[in-house]
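Based on the provided sequences and hints, a complete structural model is requested.
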Amino acid sequence: MFTIKYRPKSLKDFVDQKEALAKFLEWYKNWKPGSKAALLYGKPGTGKTCLVEAFANDKNLELIQMNASDVRGKKQIEEVFGHASAVASFFKKGRIFLIDEVDGIAGREDAGGIQAIIEIIKKSKHPVVLTANDPYDPKLRILREYCELIPFGDIPVWDIEKKLREICEKEGIEYEKEVLNQLAKRSEGDLRAAINDLETIARGKKKITLKDLEVLGYRERERDMFEALKILFKTSSFMGAKLSIANVDLEPENIMWWIEENIPNEYEKAEEIARAYEALAKADLFRVRIISRNYWKLMRYVNDLMTAGVSMAKNEMYRKFTKYQFPAKLRYLAASKEAREEEREKLKKLSKILNCSTKKIKTEFLPFFKVLEKDKNFQKFIESLTS
1 MFTIKYRPKS LKDFVDQKEA LAKFLEWYKN WKPGSKAALL YGKPGTGKTC LVEAFANDKN
61 LELIQMNASD VRGKKQIEEV FGHASAVASF FKKGRIFLID EVDGIAGRED AGGIQAIIEI
121 IKKSKHPVVL TANDPYDPKL RILREYCELI PFGDIPVWDI EKKLREICEK EGIEYEKEVL
181 NQLAKRSEGD LRAAINDLET IARGKKKITL KDLEVLGYRE RERDMFEALK ILFKTSSFMG
241 AKLSIANVDL EPENIMWWIE ENIPNEYEKA EEIARAYEAL AKADLFRVRI ISRNYWKLMR
301 YVNDLMTAGV SMAKNEMYRK FTKYQFPAKL RYLAASKEAR EEEREKLKKL SKILNCSTKK
361 IKTEFLPFFK VLEKDKNFQK FIESLTS
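To convert, note that position 5 of the sequence shown is 5 in the working numbering; the numbers rise steadily by one, no gaps.
Watch out, some of these pointers could steer you wrong.
What the hints assert, rightly or not - Computed beta-carbon distance windows for the label pairs:
1. 316 x 60: 45 to 55 Å
2. 269 x 29: 52 to 62 Å
3. 9 x 325: 19 to 29 Å
4. 172 x 32: 24 to 34 Å
5. 269 x 249: 56 to 66 Å
6. 253 x 9: 36 to 46 Å
7. 78 x 319: 23 to 33 Å
8. 338 x 30: 46 to 56 Å
Just so you know, these hints were derived from the structure itself, not from any lab. Glycine included, every Cβ here is placed at the ideal spot set by N, Cα and C.
Right, dumping it as structure tokens:
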């Protein structure tokens, strides 16, 4: 992945965020045991985690890292940081602790997660850094008292464009200048998103053009869908949940993919997740009946079940910050669009030659072809038919 391959290894490779970097370096310079932790906050993709990793490399520090969204409480946090916070590093000049997405455990104080982090900050012999998208979540109020807040702003368009140009040149990808500019603008200050989009449209190509941006059509509608999800999952009103998708310009099937992807991100109890998926499954059943029988009166049940049905599945509202995700299914479809079109064209050619449907070739013949694909003579025969 480009985001991993071109992750900054040193602060000299770090993109923008000069003010945040200066504040971080000042905090580290003045840090001593008992000092506050640094809480780096801002939108995803603005370099919070990368800064700490690059800094640790430059200073030859042992970086001990965890994502707070993946833990459930005090015990897991102490297993990672408890002993390490009290002893020196054997192989490096020192240690630095990084707890990513600390707002991801807001609302789990009953499991002791927030209090465990506070205890580590108070007792640690090594600097502690936290990251968050929303540091002002009410559930982080006590934790903020033990932190020095360092804001990360959106990365400017020209800096994102410069980084994309650098990646293209290193990968040997030719590009129309306007393509990189559009990718940078679409990202809205999120460098990681821009790099992911570049990789999506450049996969398997030697040159990218403005036409290639068509596969990213969902980007402009993401913000509306993220807002809709927030309303749908957080509201306790039946009507509020129904109206959450009123202004979303997506087909019901695509909205369902968004909801399906994010149910386990929002709900934590097994029975809530089960009820939500059951409501969504019923909505999809009605949707399929509409398509097969052309009975559009059922659409109101689709909308009610996939919105209010999912929303009412929770026992009570979760007041935590939830990082909603773009559906993996839609991302795959966008990334594989060209490959699927190429496959469709080849199936059409074979359909004329074999005098049968493309569906039959794909489901019945291709599995058999895969068995024979290692036979070079057979491979040449197939290529002669489709050339």
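Hints versus structure:
no.	hint	verdict
1	316 x 60: 45 to 55 Å	48 Å, holds
2	269 x 29: 52 to 62 Å	45 Å, violated
3	9 x 325: 19 to 29 Å	27 Å, holds
4	172 x 32: 24 to 34 Å	49 Å, violated
5	269 x 249: 56 to 66 Å	32 Å, violated
6	253 x 9: 36 to 46 Å	42 Å, holds
7	78 x 319: 23 to 33 Å	25 Å, holds
8	338 x 30: 46 to 56 Å	53 Å, holds
Checked against the numbered hints above, the structure violates hints 2, 4 and 5; every other hint is satisfied.
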